[in-house]
Amino acid sequence: MSTADSPIAAGRGLCSCHVCQLVSRSTGTSRGQYCPRCGARLHLRRPGSVQRCWALVIASYILYIPANTLVMMETGSLISYRKDTIVSGVVHLWRTGSWMIAVIVFVASVAIPLLKLFSLTLLLISVQRKSTWHPQQRTRLYRLVEAVGRWSMLDIYVVTLLAALVQLGSLAIVKAGPAAIAFGAVVVLTMLATMEFDPRLIWDPLQKEEFHD
Amino acid sequence: MTEPSDKQEIQDLPEAVSEPKRRFSIQLVWIIPIVAAIIGLSIAAKAWVDRGETITISFKTGEGLEAGKTKLKYKDVMIGEVKSIAISDDRTHVVVTAEVTKDAKGLMVKDTRFWVVRARISGGNVSGLTTLLGGSYIGVEAGTSKELSDSFIGLESPPAVSMDVPGRQFVLHTDDVGSLYTGSPVFFHRIQVGQVISTDLDRDGKAVTVRVFIKSPYDRFVTTSTYFWQASGVDLTVTPGGVKLNTESMLAVLLGGISFEESASGAVAAPADTAYTLYGTRDEALKNSAASEKFILEFRESVRGLAVGAPVDLRGVTVGEVTNINVVLDPNRKDFSVPVEIQLYPEHLQTQFRKDSGGKMPLPGTAEAHKLLDDLVAHGFRAQIKSGSLLTGQLYVALDFAPDARAGRINWNSSPPRFPTVPGSMEKLQKNLIEIVQRIEKLPLEKLAGDAGQTMRSLDDTLKSADRLLQNMDKSLVPEAKSVLTETKTTLEDVRKTLTEARTTLGGASGVLSADAPVQVDLRDTMREVSRAARSLRVLGDYLEQHPESLIRGKKEGK
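Chains as they are written, first to last, in the numbering used here: chain A, 10 to 222; chain B, 100 to 658.
Chain B extracted, bound-state conformation (with noise of 0.2 Å):
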């Protein structure tokens, strides 16, 4: 290719139309980066202030946590997430660097209470099933300090009551802690009102201390009078009312738990942390619930068959127990005498004294109580000792009226006070029994007995005379008996003879009478003959009507 025919050719081209040129402006593909500048700063921006906040949790182990896994949760609610996972220093536990995101910053106070969660089955209930899949998390709950901080320590478990829950906690001292653990329901009219936060064993290590949560609002029904009982166990007992089985529910029994009851109504609820001790059965609760009153019984009797621990009866209702049986020389009467101890549950007597006290029963030790008994004494209120069974011989002390007892009081002003006893009824009874026997010996026995050999003799002569009587009836009387006897049987055999005459004639009258006596027979086939001759003799005649020829010609064959 040449260049002037380049050029030709290059003049042949059309030429571009033009335009009038524009003012220059920045290009607005700038706009691109400008965006995306604005973008990526803004992601940088919200980073910045997102950004957590870099906390430290120590733990005794890192069971089940992953650093850059593991989450914190608050209300399951992920709040954050594990870093790292260091030992500590002194390598006794290990150290836990987590990041919390910045909504969750507030949450990082001085209380707040760290905790992994994994999968537990305690105090009735499985928790935690998710984290067998999704792994273990660490749980949160947020504290009430203001104080922020970063740095915590663990807990080993969760905590049993969230700080949030409104409640109170109180504390039971015991000797043996039983089946409870922390968790362990805590029941209320057998309603779980709350759990046991944590069993301590005291510093000295002779009891335990165990913290009690209980739910608002049923915190208000712990109240100074208020007697804990371990709730966890069945309680088989065989009484002479029979067998009886007090269990609470089937949750505490399997699982252990506390219940508990206020002794007296009207009394205050307790301010929390009020220390109670926890008793290891209702009925021991009960025994040893404050409101209880001792007295002393002194009996003369032989209280053989009364144990420590025998009922004290008001009428059939038990209303408090033996608890001390001494035997003591009373000087001036020269003989011994029984100091019985009894411990009286006012609660028990409450229902029995309302009517006489017209109202609520006064708290014991009060001056009220004291006036009401000394008034009860007054018309005769005694204690005695009764059997309680026949068959054991076993006693209990009874509480009632004795209309015909010596007046008595009751002494306040020994330590415990005494109260006026009137003989049991093993007394009366063996009284009675001696008067008994008194009264036979006093019978006049041996002169009874000779009366008794007079009579024996008098009786001898009364029957020989009889026997000599009947001798001489005998002589007189029998021989003319005897004809008549004689005459008599003549008699009777004549008309026996004609009666078997009579018989024989009458048999002989039925023989000729009877279905199968010959007679009857022949006469039966006689008529039958004749009725049979008849009959051919009608027959004839027919044929004889209807082949008046036979008589000539004779009967055809085969007609």
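Extracted from the complex, chain A is given alone in its bound form (with noise of 0.2 Å):
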């Protein structure tokens, strides 16, 4: 049942508590288990990790699409009035000089929550096909996408900021477009999305074993 190289607590029968960090001895049966010191739900690996995960990806992937297209930011000034999707922000800032905000914007705004997706589609496609394939390599993206997680964050702050701070009637109003609240729900799904995701399931395969929750 075991591997002796490679000890694992699941191998073993054993799982520990999520909240108090009692390790118990699992009663070995799919139903649902409780921890005999605080009651919390017992599990060798996450419940539905994949499944809830591949949920709030797809979620997030199909909220991409307002986040990018839907007016991001409304600015109006007396000279001037316009709507800014996040794309077309950024093409302002380059055309008018400022390329590293335009850079930074486009990395932060439009590069990293793509990449967050792709990153964790591809741990996803690659747990459910039990891949052995650097699975350390794997993990640490895994790392860095839940470490990115929040500070992709950095167009709602600039909006909200903005939109709070500059409202002066007729001379200038900052206002937040729809696309706002689709990238903020994009944001937040893939932050919970990494947080479904159980990384114990990279390694899993390399047991040659199955474990359920």
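Please note that the accuracy of each hint is not assured.
Distance windows between CB atoms, simulated [claimed, not checked]:
{"no.": "1", "chain 1": "A", "residue 1": "97", "chain 2": "B", "residue 2": "379", "range": "56 to 62 Å"}
{"no.": "2", "chain 1": "B", "residue 1": "320", "chain 2": "A", "residue 2": "180", "range": "46 to 52 Å"}
{"no.": "3", "chain 1": "B", "residue 1": "256", "chain 2": "A", "residue 2": "175", "range": "56 to 62 Å"}
{"no.": "4", "chain 1": "B", "residue 1": "143", "chain 2": "A", "residue 2": "113", "range": "27 to 33 Å"}
{"no.": "5", "chain 1": "A", "residue 1": "106", "chain 2": "B", "residue 2": "191", "range": "34 to 40 Å"}
{"no.": "6", "chain 1": "A", "residue 1": "116", "chain 2": "B", "residue 2": "209", "range": "46 to 52 Å"}
{"no.": "7", "chain 1": "B", "residue 1": "143", "chain 2": "A", "residue 2": "145", "range": "39 to 45 Å"}
{"no.": "8", "chain 1": "A", "residue 1": "106", "chain 2": "B", "residue 2": "353", "range": "45 to 51 Å"}
Note that these hints are calculated values from the structure, not bench results.
These figures come from a predicted structure and were not determined experimentally.
All residues carry an ideal CB built from backbone N, CA and C; glycine is no exception.
Given two chains presented individually in distinct reference frames, assemble the corresponding complex, making use of the accompanying hints.
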């Protein structure tokens, strides 16, 4: 049942409580188990991890489209009135010479969410296919996705701050567009998806065994 | 760590509490992507439903237009945006492709008008100031057609009159457009009731056609007898009546404009697009308005001082003017006559004739009007030439009743009708002067002179006899008078002497009595001395009373 070189708790019928960290023996049944100390649910692996992760990732993909096509920010002043999507904002910044800012906005708002989604998709597919391909690299990728998570809210921060600060009646006005909601949802959903993903699944194929909750 | 101990430890671990297996159900988490999909799809559906229509508008220039930025505005509400600007194939204009929102699709009909709104100052108002900051935009005015269209030709300037303003258009023809241009105001009683829509040169290049728009409800004041004139100028006329300055409103003076007036009441409202002549001034319009009638006046006197344009006057009211003066030989009389052509403006006569006609003045040219004039002429209504100003010698034609006029009537058969005249005041004056001269000539001046000579002679005789008489008187009367006078003189001298003496006596008396006479002065001095002595005595008495010892010892020093 177990391999000496890679002893894992699940291989020995043990699971630890997520809440009080008490290690207990699994009853071996496929029914739900509870921690004898704190009463929290016990699983060998996070239940439905892949499925939930997929759901959230797909939702993110769907919302990523309106986030990039709808208006992110409406800025009105005496002189001009513009509605910017993320990309048009980047283009505008690039054209007006703010190359650095354009790059930052592009990376933070377009590239990173997309890369996060791709990474999660890659992880999910590899886990489902029980791939043994570079588990270490994939774990690193997961950690990176998890770490980057909240920092891709840059656009939302800027827009909400501006919208809150710049309200000068007819002189100047900044409004958040519907894309902000979609974009925020994408970021939150990817973060949730990352949380749902159980990185232990990356290593499970190496055990040639299957563990369920 | 060895396996048995491991196992032991594991055995020591508490066992998880198990729960009866639940029936597998689909993960609730799938709601999230479903919701996301619904949201995404609804957005896409909305975008699909709301998708606008792409239209093309061609303009002469692309000034102020910017792809992706310039908006289309209908009543200042954004209804679309310019997507791209391209040069037309023949390179004569620019083609603007714009996307119009779904709501405004219905506005894109065949006669919808587009123009570029820029800041402009015209017609007394400043418009499009916001475009200075916000950039130009394309103004849209919805058409009335039912036929949808997607390609349009843009106007170069904003339409002067919005289509949805009720009113009517009229056409004016003029030789000189003056200071009129699109947007110039049209006044009625100096109230702005409309504006000029367009000023176009006629095809033959000889005149200008001006289209004006009169707003409802003022358009009903434009009738078949309305006349229009340019209200642009300042009309300064110097007449014997003084200096007359005629202006329209300041706006019209500054910017030009058109005024109109009705010439005859009761005329029916004119249909839209009725053509009128646009006159330069109100007077000109009055003169040329349709309601006028021409007459020929035949004078036999000199008309020196009567000029074309001289007024025809009815008791001080100008009712017409002289339009032509000729000289023709009258072969029957072997004399020259001067036919003067005049034009009467019945609208001016109207008030004059109202009493006579017992109501409204009949329209000129009608049988009623002819009958009325015939009646008037039968009562002695005549034309004559009168002097307007003795200084300048200007003449005018006066219409009035001449009680002693010979019978006459209007000859309606000639063209224009011949109106009977009476000799003018100048001729009368000349006649009178001649009569006076003739009378003076008739006086027996020579005889009178002879009589005067005789009178003079007898006067001389009389004077001589008077002289003689005086001489006689001198001889007989003077000596006696002389003696009487001498005596009188002597007496008078005596009287004078007596008087002189009396005066001397009185002078002495007055010398004694006068304040500064020596006697008086002496007397006053004496009296003063006496009073001083009395005072000394009193002082002495008082002293002695208090110091009787002083009689013996004498007066003490220092007391």
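Right, here's what the structure says about each hint:
Checking the proposed 56 to 62 Å range against residue 97/A and residue 379/B shows it holds: the Cβ atoms sit about 60 Å from each other. Restraint check, residue 320/B to residue 180/A: a C-beta distance of roughly 47 Å satisfies the suggested window 46 to 52 Å. In this structure the hint that residue 256/B and residue 175/A lie 56 to 62 Å apart at CB is violated, the actual value being about 38 Å. The hinted range of 27 to 33 Å is satisfied by residue 143/B and residue 113/A, whose Cβ atoms lie roughly 30 Å apart.
Here the CB-CB span from residue 106/A to residue 191/B is close to 37 Å, well matched to the stated 34 to 40 Å. Distance hint check: the CB atoms of residue 116/A and residue 209/B are about 51 Å apart, consistent with the given range 46 to 52 Å. Distance hint for residue 143/B and residue 145/A: a CB-CB separation of about 41 Å, consistent with the stated range 39 to 45 Å. Distance hint check: the CB atoms of residue 106/A and residue 353/B are about 48 Å apart, consistent with the given range 45 to 51 Å.
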